[in-house]
Amino acid sequence: MKTIEIFKTNRFCFIGAVIFAFSIAFGQTPATIGLVLWLVGSCFGFDRNLVQRNVLLLLPVLVFITYVVGYFITNGNDFSFLERKASLLVFPLIFFAHKYTKPERNVILKAFVCGVFLSSLICLTVSVYNSTGYNSEGFNFTPNVLENRGFFESIMYGGNYFFGNHFSIFHQTVYFALYLCAAIAIMLFKPSLVSKRKNRFLFISFFLLIIFLVSNKSAFIAVMVIFLIWIGSLDLPIIKRVVLLSIMALIAIATLFSNPRTKAMFQKVDEGQMVLNKDARYGFPLRLLCWDAAISLIKQNSVIGYGGTNAQSELNQVYQKKEYKYALRDKLNAHNLFMQVWIENGVLGLLASLLVFYGLFVQAFRHKKFEHNNLFIVLVTLLLISSLFESIFSRFSGILFFSFLSCFIFSARENKLESEPTPFNPKKDN
Numbered sequence: 003m004k005t006i007e008i009f010k011t012n013r014f015c016f017i018g019a020v021i022f023a024f025s026i027a028f029g030q031t032p033a034t035i036g037l038v039l040w041l042v043g044s045c046f047g048f049d050r051n052l053v054q055r056n057v058l059l060l061l062p063v064l065v066f067i068t069y070v071v072g073y074f075i076t077n078g079n080d081f082s083f084l085e086r087k088a089s090l091l092v093f094p095l096i097f098f099a100h101k102y103t104k105p106e107r108n109v110i111l112k113a114f115v116c117g118v119f120l121s122s123l124i125c126l127t128v129s130v131y132n133s134t135g136y137n138s139e140g141f142n143f144t145p146n147v148l149e150n151r152g153f154f155e156s157i158m159y160g161g162n163y164f165f166g167n168h169f170s171i172f173h174q175t176v177y178f179a180l181y182l183c184a185a186i187a188i189m190l191f192k193p194s195l196v197s198k199r200k201n202r203f204l205f206i207s208f209f210l211l212i213i214f215l216v217s218n219k220s221a222f223i224a225v226m227v228i229f230l231i232w233i234g235s236l237d238l239p240i241i242k243r244v245v246l247l248s249i250m251a252l253i254a255i256a257t258l259f260s261n262p263r264t265k266a267m268f269q270k271v272d273e274g275q276m277v278l279n280k281d282a283r284y285g286f287p288l289r290l291l292c293w294d295a296a297i298s299l300i301k302q303n304s305v306i307g308y309g310g311t312n313a314q315s316e317l318n319q320v321y322q323k324k325e326y327k328y329a330l331r332d333k334l335n336a337h338n339l340f341m342q343v344w345i346e347n348g349v350l351g352l353l354a355s356l357l358v359f360y361g362l363f364v365q366a367f368r369h370k371k372f373e374h375n376n377l378f379i380v381l382v383t384l385l386l387i388s389s390l391f392e393s394i395f396s397r398f399s400g401i402l403f404f405s406f407l408s409c410f411i412f413s414a415r416e417n418k419l420e421s422e423p424t425p426f427n428p429k430k431d432n
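Residue numbers (our numbering): 3 to 432.
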């Protein structure tokens, strides 16, 4: 007779984790509901014998503390700012409250991949729906959002239902691309989650197509890093690795130059336009202005910082002074995690953030040693790449995923038993 493990109270937290991992790809509201269910499940399923005493889980909490200290030192006036950083506190508590077995953790990863797949499919379906219609002349297909622009021109300026923000309906493109890259990494380095090679190939190919449509430049870098590490980890002769790397390089070059946005960026580099241009409106030239303004603020107050609630107004003043009108118009943040936390919380915030990444890489290499798997190294590298180009603590999609993934990595243990059951793989009673 089988024991129905799914109804045991100490499994509620696992069910909540699966629901959250699946829902995170669908935007703020579903992810918040999933997180609440996980919290409730953790409360019902709490067992102090299953508490995980792991000091690494304190590292995200340390970052949260720097936000609290910075808030009060700089006389913060918007407490909701701290509420938006609560993920750095909530996830360590959740993972502290329960030890997840290796099979459970694999199911959580699989739920995340399934969520990313379904959300991508919905984005693609909505794009097709928005682009099609009927008129007096019959069926028509019009993916352009901006009038009087050609197909490729509309892609470059964010006016096409199949590219960029119009395509990514659940998250900003940079964060949706991050989720897609993480899903690809999981497929490559956890092949047991999808046993058939053909199905894995289809999943990965689909995710690569969606990344192309999302058209986030940092994602192209991330994808190349993923495949470089994957090819390097294969047990193949050197000549075969070289062949695979060459094929990957050719595909990457063809992809980059076939995407209108990246092609336009290379043209600007070739023409020497990648310099500080106060009239920059899009892409990397605009990000250079954000970095320039952030560095100016850091030079003025590098120790204490300006406080989280004051950072944006301080950046806006620099934008206005330097006549960066489009950065000012859109009230852009520093577009770099480390610069942003330095501005907000001073040198303590910077050190705390660097310490989290140091802990993540240490844990990732430790995991590689006993699991012989590079998954965590790749996932941490993805977080680092995103942090270099985005202030990921400033957006719900960024800080939520960072907090979840970092605690998931920190909580990995060496003494996993493959035979430990999950609610979907119950033990049999004799």
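Please note that a few of the clues may not be correct.
[Unchecked claim] Taking CB as the label site, the calculated pair distances span:
1. R415 - V130: 43 to 51 Å
2. S197 - F363: 26 to 34 Å
3. R86 - Q319: 58 to 66 Å
4. R283 - E139: 34 to 42 Å
5. G234 - N79: 22 to 30 Å
6. E139 - M250: 24 to 32 Å
7. G234 - F74: 16 to 24 Å
8. I124 - N303: 38 to 46 Å
9. G29 - S197: 46 to 54 Å
10. I124 - S248: 32 to 40 Å
FYI, nobody ran anything at the bench for these hints, they're computed from the structure. Only a predicted model underlies this, so the values are computations on that prediction, with no experimental measurement involved. From the three backbone atoms N, C-alpha and C, an ideal C-beta is built for every residue, glycine too.
Here's how the hints hold up against the structure:
1. R415 - V130: 43 to 51 Å: Since R415 and V130 have Cβ atoms about 44 Å apart, the given range 43 to 51 Å holds.
2. S197 - F363: 26 to 34 Å: holds (30 Å)
3. R86 - Q319: 58 to 66 Å: At roughly 22 Å between Cβ atoms, Q319 and R86 fall outside 58 to 66 Å, so the hint is violated.
4. R283 - E139: 34 to 42 Å: holds (36 Å)
5. G234 - N79: 22 to 30 Å: violated (50 Å)
6. E139 - M250: 24 to 32 Å: violated (44 Å)
7. G234 - F74: 16 to 24 Å: At roughly 47 Å between Cβ atoms, F74 and G234 fall outside 16 to 24 Å, so the hint is violated.
8. I124 - N303: 38 to 46 Å: Holds - the Cβ-Cβ distance for I124 and N303, about 44 Å, lies within 38 to 46 Å.
9. G29 - S197: 46 to 54 Å: At roughly 31 Å between Cβ atoms, S197 and G29 fall outside 46 to 54 Å, so the hint is violated.
10. I124 - S248: 32 to 40 Å: holds (36 Å)
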